[in-house]
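> As they're listed, the protein sequences go chains A and B. Quick note on the numbering used here: the first sequence kicks off at 1 and runs consecutively. Quick note on the numbering used here: the second sequence kicks off at 1 and runs consecutively.
In case anyone wonders, no lab produced these hints; they're calculated from the structure. The reader is advised that the hints may include incorrect statements.
Here are the simulated DSS-like pairs of lysine-lysine, each with C-alpha atoms no more than 25 Å apart in a straight line [claimed, not checked]:
(1) A:K224 / B:K87
(2) A:K52 / B:K215
(3) A:K113 / B:K87
(4) A:K97 / B:K53
(5) B:K212 / A:K53
Remember, it's a predicted structure, so these values are computed and weren't measured experimentally.
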Amino acid sequence: MRKKRVLLSPLDPVHDIGLKMIKNALDEAGHTTFLLPPDVTPGEIVEEALDKKAEVILLSRTLGYGVAELLGRFVDLIEGAGIRHQVQLGIGGMAIKPELAAELGFDQGFGPKTPVEEAVAFVEGRNYVPTQEASTKKKGNLLRERTYDYHHEEINSLLEEISEKTLEWYREVDSPGVRRAELREAGSAGGQDYLELSSDSIRDFFKEGILPSGLRLIGEEEQKSLENVIATGRVENPRILQRQPHQPLVFIQYGTGCPFMDIAHIKGTEAWGADGVVHFDPSWGAKTEGLLAGLLSHEENGSVLSEKNLELIKKALEKSTLWQVRAHRGLNTPETVLLAGEAGADLTKINPVYGSLGGGTDPERLLADGLKAMEYAARYNMPFDMPTNEELCGVPAFKAFAGMLIVTQLGLALGAKPVLQPLFCYSPEMMLGGQMEDNYIDYNAAKVMALRGIIDAPIWAGAPIGFLTHTEERVQSAVSTSFHAGMAASLDIEGISIASTDEAYSGGPITLPARIDTLQGTGEAFRFLGSAGMQPTSRAEEWAEELTSNILRVLKEVAKNGSFLDSLYQGILGSKEEGAYPGRNGRRTVQKRR
Amino acid sequence: MKVLGIAGTAKNTGKTTTTMALIETAGIKSIPLAVTSIGLDGEEFDQVTGLPKPRLSLPEGAYLVTAERCVHGGTAKLEVLQELRAKTPLGNLQLTRVNQGGRVLMAGPNNRRDLNEAVQNLEGKGAEFLIVDGALNRMAPLAGTDVFVLATGAARSSNLATLRRETEVLVRVLQLPRGIPGEKSAHSYLLTEDGKRALGTDSLLSRERIKKIFKNTGEAKKIYIKGVLTGEAFSELNRSLTPAGCQLIVSNPINLLLGEDLQELAKALDNWENRGGKIGVKFDLPLRAITINPFFPDWQERGRFYQPRYVEEDELKNAFQSLGVPVINVVREGGERLWETVISREN
């Protein structure tokens, strides 16, 4: 390749660092460079270009009032001087995009964060091919190399004892949720047997074609538009937020009810660095026996679970995106996991403890259904996380963790891959107990330290991190998420779910820019910390020990009771006084297995 | 095929509105057209101000030269007939035909040579005119067009007295007479009684350079400037030699308009001519009309955004009385008047 003569001119008095970096790279590549001082006029640059016989001119300039015209006149001067076809013109700076470069008459535009290599390629007349690392985002591994080895023998043996007894019970029972899942597996979803096990609203749909209010089927034309949105809306270079391998994968949740909106949110957040997306279904779905069918739009929050809806979302996802379909709390838990597995989901969410103590479903029903769901999760190789959101109702963390650990052992026994989900939140327990009076790090760190001391399992903090620390103020929300993300990175955990900055404000509908706020904040936290980290005080260790001994105490109580299920009703894993109420949906629907 | 260039004095002076008015009138008259831009046109929002831009629509049968990444950017269905050699930041230029009318996104040749390539490839396709929409205040790629329209207005200056003064200078330069025909020199030169001497540079841009070149010059008879002569450089030229009896020829009028200060250029022209110098251009530019636009984006420092504002339309029109060139407010007076003024004279 012939070496070029390159004139570099920072039209900005301050922002010439980019040009200096490019100059160094060009010098190294053997080109002859001439770097002009800042604050020269377009005429002077052209004169220098003529004198130096420049073949490439690179300018940098921040756009401001009248600057476009200034740059336009520069390009005109080059043309007027008769050398336009002898020189390649490149412009770089904030707000510069290829579109703007075209308007200004330049041959190439370089926006912020352009790799130096791209500018060198332009000088050398080559097509810029981004390096492999920069261009390809790979699907994250939430499990990393976790072994599921227990580090706490006493807890291990208690969990095995509880789990064995629970599975003995499970093998004897059956529920409408379990049977519908089996019918769906046999290809009879929507059939007579299925409908007999379903709620009236589901029967009305399949028999009369009547949809519950607020729902409608997507028409053919809309469907075509959706396909078009998906085909044209690919994310070319999804951002990678993590700077170090120990920094957690970042998940967002979607569930606007509208497939167009869901896809817009998914594509937007993928572009800005989300590693995974979580499908949220409508709250009424948890109370309804049976699932609808077809491509459906819902006018309230929550995106309807149907085979077609999930298929559509799957099509819209980038290959690098982890996809979770949650199934943790309602009457369709096994069917949902089955659907998710068939649709190609990577992850699901199952926790009969939270789902029955804070989610409104009867403990007996959800335990039977949850175990069936775990079998499907194992079959489809979908790790499942166990949210401990009963903590938000007022259940102390150690009780929620005891329940989560029982579910962990049950999952492992069924061949599945459970993921622990402690909350990074300012829960009622903290408000009353004052553990977060001084700082937000110690108690959250204590939770992770306690869990890590018990079992080597993946941890996904949720959901979302910073729950109840966010206010209606957007900057505060973004900063709080960002700090919690930094803490998660420092604790070496595998995943986090983040909120948008308008969730606390809107209490419902959220916007894409507000999602980008927190993705940006999280990226900044990862950039800021790198391989450094946040350090808890010695209180964290004390609290971790306290948590562990309390978990042990609860597990002993459950073992003493002899029945995990009865312990749920008895309040051993969260009492009514604490705010945990065994749910009533699906009560008395569990039968002896036929 | 005739090439019609629409240049602006600044952003938002109404180039695309003028282009659109001509496209619509051509449609009514069923005259086949081709269109391109030396910048980027047809997008929804301005790349700089963020304000909405006029959209661009083309009827079926029209030709469009646009960059690869813009071909599917509108609602019109375009058939790519040919890929041109010229490159832009948005990909290679494509010569396309509109198979189904609709909105288009247009990023065309950014320099004269690439524009010529587009013109050559459009010849014989059936279009009677190629309309070339300008960009920003850029004019240089339009120097060789057959018909030239200048769009100006409040976006250049919302002070109407200033705007009038500037426009007078532009009109004066754009209407400079052709110099002696047959100028064949490939480079700038100076002719004195001692003979012809190359200047060593095609463009005169800075005072220092001029001082050096014209030091101890005897009586100049003719100076030919192939490249740029800015107002600042022209002032220095006035100081460096005696204009009386000297003919100054610049290759085209736009090459005189590329300096920073049009008022300095006006003074230099006065000075040159008052002292007996003559000035002309090698290639003239047929300025057929000036279109005016009352709109201007007003920068709000508080809040840091552009607010759309307008000057009084009648006052704007009055400011442009008796310029010696037809002045048209396209939005108010319509495309027909523009067409009659600009194009009917060509046929």
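> Against each hint, give a clear statement of whether it holds in the structure.
Here is how each hint holds up against the structure:
no.: 1; hint: A:K224 / B:K87; result: violated (34 Å)
no.: 2; hint: A:K52 / B:K215; result: holds (23 Å)
no.: 3; hint: A:K113 / B:K87; result: holds (24 Å)
no.: 4; hint: A:K97 / B:K53; result: holds (18 Å)
no.: 5; hint: B:K212 / A:K53; result: holds (20 Å)
Hint violations for this structure: number 1 only, all remaining hints satisfied.
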